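Visitor: So the chains spell out like this:
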Amino acid sequence: MHISEGVLSVPILLAGGGVSLAGAWLGLKRLDYDHLITAATLASAFFVGSLIHVPLGPSSVHLLLNGLLGLILGWVAFPCILVALLLQALLFQFGGITVLGVNTMNVAVPAILCRYLLYSQLKAGGKRATVAGFIGGAGAVLGTAIMAALSLAFTDDGFLDTAKLVVVAHIPVMIIEGFVTMFAVGYLAKTHPSLLGLGNELHKPEHKEAASC
Amino acid sequence: MLMRGVLTALCIMLFAIPASAHKIILNAWGEGDTLITETGFSDGSAGKESKITVTDATTGAEVLTGVADENGLFEAQIPAEVIVQGHDLQVVTNAGAGHQAKATVSGDEFSPPVESPAAEKNLSEQGATASSDAVKVMVKQAVREEIKPLRREIMTMADKGPSLSTILGGIGYIFGLAGVAALVGARRRHNETAHK
Numbered sequence: 001m002h003i004s005e006g007v008l009s010v011p012i013l014l015a016g017g018g019v020s021l022a023g024a025w026l027g028l029k030r031l032d033y034d035h036l037i038t039a040a041t042l043a044s045a046f047f048v049g050s051l052i053h054v055p056l057g058p059s060s061v062h063l064l065l066n067g068l069l070g071l072i073l074g075w076v077a078f079p080c081i082l083v084a085l086l087l088q089a090l091l092f093q094f095g096g097i098t099v100l101g102v103n104t105m106n107v108a109v110p111a112i113l114c115r116y117l118l119y120s121q122l123k124a125g126g127k128r129a130t131v132a133g134f135i136g137g138a139g140a141v142l143g144t145a146i147m148a149a150l151s152l153a154f155t156d157d158g159f160l161d162t163a164k165l166v167v168v169a170h171i172p173v174m175i176i177e178g179f180v181t182m183f184a185v186g187y188l189a190k191t192h193p194s195l196l197g198l199g200n201e202l203h204k205p206e207h208k209e210a211a212s213c
Numbered sequence: 001m002l003m004r005g006v007l008t009a010l011c012i013m014l015f016a017i018p019a020s021a022h023k024i025i026l027n028a029w030g031e032g033d034t035l036i037t038e039t040g041f042s043d044g045s046a047g048k049e050s051k052i053t054v055t056d057a058t059t060g061a062e063v064l065t066g067v068a069d070e071n072g073l074f075e076a077q078i079p080a081e082v083i084v085q086g087h088d089l090q091v092v093t094n095a096g097a098g099h100q101a102k103a104t105v106s107g108d109e110f111s112p113p114v115e116s117p118a119a120e121k122n123l124s125e126q127g128a129t130a131s132s133d134a135v136k137v138m139v140k141q142a143v144r145e146e147i148k149p150l151r152r153e154i155m156t157m158a159d160k161g162p163s164l165s166t167i168l169g170g171i172g173y174i175f176g177l178a179g180v181a182a183l184v185g186a187r188r189r190h191n192e193t194a195h196k
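Just so you know, the protein sequences line up as chains A and B, in that order. Everything in the first sequence is counted per this note's numbering, starting at 1 for the first residue and increasing by one. Everything in the second sequence is counted per this note's numbering, starting at 1 for the first residue and increasing by one.
Same shape as in the complex, but just chain A (with noise of 0.2 Å):
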């Protein structure tokens, strides 16, 4: 989901702005020296996944992976989606520079909140950690949809019909995120739960014969 330059009105480019940049620093602060392959790697997929189309309807819907990386990285995800959507919108001509603080608003802020709302769940691991992965791939991309409809309502058709249109056309990518972050999620949870923050787990024995597995 990137809105294009031109559509948003100052004020609210300006709050999505200021939202990104105190995310991103925040995220920032919290990146760890040994997670910054873990978190490259994932914004790289973040960078690719907009390239891959799910046709649909009048348009066509990209990948996001948003909660992938929400559920993965936690507040690194901010910096993560800054990044690859400032090169998406370089590169690609994705959505745009002035409207990069709003879409980087819109993508990070349900990642992180699945997370969050996700964590114990994750922890519990097993098949509560593998249904969580499918609730934050596809509850992620749902946000993004909302957030990006309500950014709308202001400017465009209103936000019921926006919501409406957003949110229906994602309904596809929703499935497909929610599977794609199941499978990934599940699989982390079992052999590398430290990359799901996860951390204390790994000192138990029982947890390195399953990542020996």
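Do not rely on the hints blindly, as some may be mistaken.
Using 25 Å as the maximum straight-line C-alpha spacing, the simulated DSS-like pairs for lysine-lysine come out as follows [stated by the list, open to error]:
#, chain 1, residue 1, chain 2, residue 2
1, B, Lys48, B, Lys148
2, B, Lys148, B, Lys102
3, B, Lys48, A, Lys164
4, B, Lys51, A, Lys164
5, B, Lys48, B, Lys102
6, B, Lys102, B, Lys51
Stretch by stretch, here's where chain B covers chain A in the computed footprint (C-beta under 8 Å, at least three residues) [said to hold, decoys possible]:
#, stretch
7, 2-8
8, 32-40
9, 45-52
10, 88-94
Read the hints as simulated data drawn from the structure, not as lab findings. Only a predicted model underlies this, so the values are computations on that prediction, with no experimental measurement involved. Idealized CB from N, CA, C, for every residue including glycine.
Here the structure of chain A is known, so what remains is to put chain B in place on it, guided by the hints.
Guide: Here is chain B on its own, set in the frame of chain A:
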């Protein structure tokens, strides 16, 4: 130093690259006194029923508005008094859900309508002594018709999606930035141990 270099490069890019819309493509051109616009998405689908707004790029005055058809096409006659001014026209298309694109059509692309029935009459009455003006108009029209498919082809060629090199370049940037972050982190860590 490296950080500063990267930041400078990014800043230069920010201003050097014209930012346009995601996925939505707007082609607009003039044919005689008619403005034709085509709205589409980068995957080739049409921007059905997009809202088209045409304004005078110099004065900012609204010239006309309309809605594109099922194929994303929109045609409208530009009033003669606007064409006479010769100003560029700015076309904005909005395909809904935050998809908007802009294009500017040069004022030179338009010519005020010539009374072609009169010109034809002129031609038939006077035979070979037709005024050169009438012939000019007819030739212009014929050429315009002939190059239409070419024009469309060129436009679709120009709208190709991102190439592999662009994609790989973007991934390279991301890992490059991670490298910068690693460098900063390492230096900080080094300084911390040095101070202890």
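Visitor: Next, verify each hint and record whether it holds.
Guide: So, going through the hints one by one against the coordinates:
1. Lys48(B) with Lys148(B): 21 Å, holds
2. Lys148(B) with Lys102(B): 22 Å, holds
3. Lys48(B) with Lys164(A): 17 Å, holds
4. Lys51(B) with Lys164(A): Judged against 25 Å, a Cα distance of about 19 Å means the pair holds.
5. Lys48(B) with Lys102(B): Holds: Lys48(B) and Lys102(B) sit about 16 Å apart, inside 25 Å.
6. Lys102(B) with Lys51(B): 12 Å, holds
7. 2-8: Three-residue rule met by the stretch 2-8 of chain A, so holds; n is 7.
8. 32-40: Satisfied; 5 residues make the cut.
9. 45-52: Check passed, 3 qualifying residues.
10. 88-94: Per the Cβ count (7), the hint holds.
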